[in-house]
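One line per chain: the protein sequences are X and D, in this order.
Just add 82 to wherever you are in the first sequence, counting from 1, and you've got our numbering.
Just add 6 to wherever you are in the second sequence, counting from 1, and you've got our numbering.
Be a bit skeptical, because a hint or two may be false.
As the list claims (entries may be wrong) - Taking beta-carbon pairs under 7 Å as the criterion, some of the chain X residues facing chain D (in silico):
no.	residue
1	133
2	139
3	142
4	189
5	228
What the hints assert, rightly or not - A few chain D residues that face chain X, going by a derived Cβ cut-off under 10 Å, partial list only:
no.	residue
6	77
7	84
8	98
Think of the hints as simulated: they come from the structure by calculation, not from any bench.
The beta-carbon is built from N, C-alpha and C at its ideal position, and this holds for glycine as well.
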Amino acid sequence: MIETTIITWIIAIFGAITFLPLFGAQLVMILKPRSQKAKDLIIGKGENWRDKTHFKSALAFAWADIIIILPLYILGTVWVFNGQPWGYIIWISLGVLSIYFSILYWILEKEYTYKSAGWIAYFTYFWGFFLYWGLGAIAHSILQLNN
Amino acid sequence: MYSLLDWEGAVKIGLQNESFNGDAAEQAIADVEKGIAIADILWAFPITVVAFIGLLREKFIGFIAAMMVFAICVYFPLIYTFRVSMNFDIVLAAIIMWAIPSILGIFGLWMNRKLFNIN
Numbered sequence: 083m084i085e086t087t088i089i090t091w092i093i094a095i096f097g098a099i100t101f102l103p104l105f106g107a108q109l110v111m112i113l114k115p116r117s118q119k120a121k122d123l124i125i126g127k128g129e130n131w132r133d134k135t136h137f138k139s140a141l142a143f144a145w146a147d148i149i150i151i152l153p154l155y156i157l158g159t160v161w162v163f164n165g166q167p168w169g170y171i172i173w174i175s176l177g178v179l180s181i182y183f184s185i186l187y188w189i190l191e192k193e194y195t196y197k198s199a200g201w202i203a204y205f206t207y208f209w210g211f212f213l214y215w216g217l218g219a220i221a222h223s224i225l226q227l228n229n
Numbered sequence: 007m008y009s010l011l012d013w014e015g016a017v018k019i020g021l022q023n024e025s026f027n028g029d030a031a032e033q034a035i036a037d038v039e040k041g042i043a044i045a046d047i048l049w050a051f052p053i054t055v056v057a058f059i060g061l062l063r064e065k066f067i068g069f070i071a072a073m074m075v076f077a078i079c080v081y082f083p084l085i086y087t088f089r090v091s092m093n094f095d096i097v098l099a100a101i102i103m104w105a106i107p108s109i110l111g112i113f114g115l116w117m118n119r120k121l122f123n124i125n
């Protein structure tokens, strides 16, 4: 059993703030992939898919997020609060993927999303939160597992 | 690393499939693949080095780093699976070469976690 701390709570709440809007946007992408709402949420307000490949890639990421990342986030958080080491391993896995995609989207999408979202939104909920959550979750999980 | 230094050279020898000299669709995929290559070099590669050294020395950080690498190696074949335009052979190869060994790796590491001082 690993005791939770105030930092565990902060990371869990910050994770919910970070991931729930993403899951919402990805659900719109899956349910109404061709809608303007999906484009506004995924690439930025008023932006358009660059081509069919861009659209298909976004749809693939949407399915992967809903089928894999969402259950992992829920499972990891539940196990963390049950004091199970596996919960922290899942948080580390999600953290590493979150950082990986932060790098990927910095390269791929910054020129589109940064422009349409503005720097405050970009460095917070549009992109930055995923990087910060990944770093925080990894650091906290390593400390918890190592104690 | 070689792809980033000479993308078209990497396409010629089969390391990459999509060229920046192709049609619009091919260029778009090449763009995504280049982004993945950069993320691999900046993030996945250093973690892999730490994992190798850490596992060989039976260090806790090796266990954590290996789990991180396995997470990436399980997730990416799934992205390929969901991407409907992806060639089935590549999807199958990614599942066999990355996802399945990584799932086994996660299981094997967890069974041996006591070596790394995890209860």
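A quick look at each hint next to the structure:
no., hint, in the structure
1, 133, "holds, 5 Å"
2, 139, "holds, 6 Å"
3, 142, "holds, 4 Å"
4, 189, "holds, 4 Å"
5, 228, "holds, 6 Å"
6, 77, "holds, 4 Å"
7, 84, "holds, 6 Å"
8, 98, "violated, 16 Å"
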